[in-house]
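**Student:** The lines below spell out each chain.
2 protein chains.
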Amino acid sequence: MTNPPERFELLTDLYELTMAASYFENGMADPATFSLFVRKYPPDRAYFVAAGLEDFLEYAANFQFSESDLAYLDGTGTFSHDFLHYLKNMRFTGTIRALAEGEIFFKDEPILEVTAPIIESQILETFAINTINLQSMIATKAARCVHAAGGRRLVDFSLRRTQGIDAGLKVARSSYIAGFVATSNVLAGKLYGIPISGTMAHSYISSFGDEIEAFRAFARSFPKKTILLIDTYDTVAGARKATIVGQEMAKEGNKLLGVRLDSGDMTQLSQHVRKILDEASLDDTEIFASSSFDEYKIAKSIKEGAKIDAFGVGTRMGVSADAPYFDIAYKLVQYGDRPIMKLSTGKINLPGKKQLFRRTDDKGRFVEDIIGTADETIEGASPLLELVMQDGKLLMRHPSLEEIRKRFRKNLAALDEKYKALDGAHLYPVKLSARLEALLEAASS
Amino acid sequence: MTNPPERFELLTDLYELTMAASYFENGMADPATFSLFVRKYPPDRAYFVAAGLEDFLEYAANFQFSESDLAYLDGTGTFSHDFLHYLKNMRFTGTIRALAEGEIFFKDEPILEVTAPIIESQILETFAINTINLQSMIATKAARCVHAAGGRRLVDFSLRRTQGIDAGLKVARSSYIAGFVATSNVLAGKLYGIPISGTMAHSYISSFGDEIEAFRAFARSFPKKTILLIDTYDTVAGARKATIVGQEMAKEGNKLLGVRLDSGDMTQLSQHVRKILDEASLDDTEIFASSSFDEYKIAKSIKEGAKIDAFGVGTRMGVSADAPYFDIAYKLVQYGDRPIMKLSTGKINLPGKKQLFRRTDDKGRFVEDIIGTADETIEGASPLLELVMQDGKLLMRHPSLEEIRKRFRKNLAALDEKYKALDGAHLYPVKLSARLEALLEAASS
Chain A
1 MTNPPERFEL LTDLYELTMA ASYFENGMAD PATFSLFVRK YPPDRAYFVA
51 AGLEDFLEYA ANFQFSESDL AYLDGTGTFS HDFLHYLKNM RFTGTIRALA
101 EGEIFFKDEP ILEVTAPIIE SQILETFAIN TINLQSMIAT KAARCVHAAG
151 GRRLVDFSLR RTQGIDAGLK VARSSYIAGF VATSNVLAGK LYGIPISGTM
201 AHSYISSFGD EIEAFRAFAR SFPKKTILLI DTYDTVAGAR KATIVGQEMA
251 KEGNKLLGVR LDSGDMTQLS QHVRKILDEA SLDDTEIFAS SSFDEYKIAK
301 SIKEGAKIDA FGVGTRMGVS ADAPYFDIAY KLVQYGDRPI MKLSTGKINL
351 PGKKQLFRRT DDKGRFVEDI IGTADETIEG ASPLLELVMQ DGKLLMRHPS
401 LEEIRKRFRK NLAALDEKYK ALDGAHLYPV KLSARLEALL EAASS
Chain B
1 MTNPPERFEL LTDLYELTMA ASYFENGMAD PATFSLFVRK YPPDRAYFVA
51 AGLEDFLEYA ANFQFSESDL AYLDGTGTFS HDFLHYLKNM RFTGTIRALA
101 EGEIFFKDEP ILEVTAPIIE SQILETFAIN TINLQSMIAT KAARCVHAAG
151 GRRLVDFSLR RTQGIDAGLK VARSSYIAGF VATSNVLAGK LYGIPISGTM
201 AHSYISSFGD EIEAFRAFAR SFPKKTILLI DTYDTVAGAR KATIVGQEMA
251 KEGNKLLGVR LDSGDMTQLS QHVRKILDEA SLDDTEIFAS SSFDEYKIAK
301 SIKEGAKIDA FGVGTRMGVS ADAPYFDIAY KLVQYGDRPI MKLSTGKINL
351 PGKKQLFRRT DDKGRFVEDI IGTADETIEG ASPLLELVMQ DGKLLMRHPS
401 LEEIRKRFRK NLAALDEKYK ALDGAHLYPV KLSARLEALL EAASS
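Residue numbers (this note's numbering), protein chains in the order written: chain A, 1 to 445; chain B, 1 to 445.
Mixed in with the good hints there might be a few duds.
No copy is singled out in the list; a pair is fine if it fits within one copy or between any two copies.
Lysine to aspartate or glutamate pairs mimicking EDC-like chemistry, simulated, CA-CA at most 16 angstroms apart [stated by the list, open to error]: (1) K275 - D44; (2) K410 - D361; (3) K410 - E304; (4) K303 - D74; (5) K190 - E67; (6) K88 - D283.
Quick caveat, the hints were computed from the structure, so don't treat them as lab data. In this text, all values refer to a predicted model and were calculated from it rather than measured experimentally.
Start from the sequences and build out the full structure, keeping to the hints where you can.
**Tutor:** This is how it looks when you write it as structure tokens:
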């Protein structure tokens, strides 16, 4: 995408447009509500983190086919001129209710409901799923890493192996929401204001030939920001050389911030290197580790007593390697006044416009969630879906990344430890309200 | 990415820039060669398909920091004004040798070698890995699906769950290279000229309430392009209704192109539905299936005798679900006249500029590959890395997608069946030339 397209209205499945054409020709323009939810937990997951709403809302608010899009569609020979004329003037004029970014949610819970004339709400399907799937999936994976790290700092190192450019940016944003402290992705730093982090690769060391000369050259270039990569040849020998450079830096009033381990046994090496640093009076020099970390390896290292102050977390988080997609759906739940339920094999959805309620205790800790109908109130439980767009207009400013991050931190603290276990063994209670149960029964019969 | 950035020079790891600054301050400007290769086979894989070169070459040829990029970097307080001035004028002036898109390659083989003053070749690392990893990984996964399908048609349905926008586009392109016949991604159709395909979702059927009325409405809208989705309520009952509509279409001189199955047991249902269609004299109406297909499920369905004419292949291909990243690296192999080899734990790379040679038999079938040095010739074997850029200028026009697709088809046919087994049990022979062996020995000692 070196010449990226400027607009993404055509970033959609063709069937959204063929269905739209048929709705148009059949005069079907009643309001339709679509609901977005995750159908099941991937392995080891027992909660999800909402992310991606801002991108979706911007997409909906600015939806407009370009002349070149319409010319392309015309050239396919599939669509009538009347319908293309309709598309030319089409804007999103509907209502959106959604869960804020940074909120924790669970299986089957509606996190986004879009109500608009059916063509408009249908046509947003592909983008809605694409962007919320990716961002919520990565925020969830990153949250697991943050929880496993128990307060140690995590930095997003995933850019080189994220699935493309857009993923690289969204992974940086989603992992920051979940509590990562920085990213190596410079463009994400520029676009989102996320702190950026990084020092050197093995190629830097190799290009000098002599390891300690490479260390010294880097310390000269960045006397206030040096973290030395010490595993190019032999980690222990590299650590000893780093202490020499660290002591040279100290004499000039600077500090060696850290050393980085990138291969080998992280627990043994970090303990050994910590000892070498301490013996050289470099107690403040931190150990940074980056070697195929994910929540499982972070937890294992800490349990084994690794002396690691901060982790570079890359590919496995950046592609959510053990669960690279969610079983996420955007389903028609109401057309006009009629609640809709699909009944085919194993894919039942909850009918009608809904609201998500959460009961918390007096300390704000989560007790249970209740999926209800949109028009009810449930005593002692707070509704979580907020009205964010009406008549196609945004009703709020987007929260800042820092606000979203803070919201997530509060959510994570309010979720009982057992639901955060890395094996996902305990399921948080989610039930249906009596009104929704009744609607479900009526729709099934 | 609703307001996508226009340039991607900052889509890089911060350390590429800190290293560059240090090379700059230390006067290091010798030509450095970096080599890109995949270090190991993911589970079940025994070959790879090269894709992504065009994007990488365009990136290198147009590399230029914008004023706003430089202002952002300046604001980080990390870089000197002299270095930022250097970056402002920096262009890629080097040489690139690469394997053409659509070629098959194997573990450890260099598929891209970049030679340029070290700052220029270093700074391309992140983008090179990102785009070639994604595109080659998807082309490889898609090739396995194509091979498993044994001539049946495959359509890319993955857009909604690809990892972001850029992935959605590149998955459409990569799967088309590997032999898919179309994509549901309309923007990929517009940008790349790939045929687009798609009909209706369950929401279309549900919105009508009455299934057969939905079928009739769609057939009226698209009398020449109707494929009916028949599993919204009950697949067999849906098939019977589809035959009624198919017969009504036939009376008006049209043809029901197909029906689509999207849930349930694909083998049993396809056999049953085939019988229903045949009994209604709709022998030409095809059965299209889309339900979590990947190479394994395609192979299983065919082996069981499923009556499926074409497959919609979605998420599992689109994220390469069982292998969502490659262990791909871009390593410094030469600086100035000095071949470089990194020796740390388990991550050895082959030193020096290299060439990849392939021996074929008199029918063009692959016999063995030899990794050699860049300046040797090997009797009876063809060099595969082509000089594609010199002095920062492209030496060729990019091949068309159709040419790349044809090249891949020829490659796949030339690879012995045993190496294409879905369990990856047989490894194709790749050896090192005597000259490279000697260099490796010299560099190791």
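**Student:** Of the hints stated earlier, which fail here?
**Tutor:** 1, 3, 4, 6
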